[in-house]
Amino acid sequence: MISIGNRYTVRGFDGEYTLMGESGWYVQSEVSSYIPALHSSAYAGIDAGAVYGPSARMGTGRTLAGAVVGMRGDISPGFSYDVFAGTPLYKPQGHRTGRAFGFTLSRRW
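1 is the number of the first residue of the sequence shown in the UniProt record's numbering; add one for each residue after it.
Derived from the structure by calculation, the hints contain no laboratory data. Treat the numbers as computed from the prediction; the structure is a model and nothing was measured. By construction, the Cβ of each residue, glycine as well, lies at the ideal position given by its N, Cα and C atoms. Worth double-checking, as some hints may not be accurate.
[Said to hold, decoys possible] Label-pair ranges, simulated between beta-carbon atoms:
(1) Tyr-81 / Met-58: 21 to 29 Å
(2) Ile-75 / Gln-28: 22 to 30 Å
(3) Phe-103 / Met-58: 28 to 36 Å
(4) Arg-107 / Glu-22: 31 to 39 Å
(5) Ser-76 / Ser-23: 23 to 31 Å
Starting from the given sequences, assemble the full structure and let the hints guide the process.
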């Protein structure tokens, strides 16, 4: 099974409702620019994906596309962050979702 429509697959979706199928694919494309003074990178991306199989035919649709902008970088040695905002670009009619906003703080040992 594959599920698309969350921050780890097709970004820009809130992840509450995803598309699922027995098989499928997704692609994430991203451009970024490093900002040395902030030890961070600003980024923008466009993602797309599709699901297939018997269970995918029973859902609202098979294809999603979304966009994301964000900033990621190091706060101090061992700590990093990623903050982002995303929006759906294409979704099946009737697929309920909202824009996505998020923040991740990570500690490396």
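Structure-based check of each hint:
For Tyr-81 and Met-58, the hinted distance range of 21 to 29 Å is not satisfied, since their beta carbons lie about 39 Å from each other. Against the hinted window of 22 to 30 Å, the Cβ-Cβ separation of Ile-75 and Gln-28 comes to about 24 Å, which satisfies the hint. Separated by about 35 Å at the C-beta atoms, Phe-103 and Met-58 satisfy the suggested range of 28 to 36 Å. Arg-107 and Glu-22 have their C-beta atoms about 37 Å apart, which keeps the hinted 31 to 39 Å range intact.
The hinted window of 23 to 31 Å between Ser-76 and Ser-23 is violated, with their beta carbons roughly 43 Å apart.
In the structure shown, a violation is registered for the earlier hints numbered 1 and 5, in ascending order.
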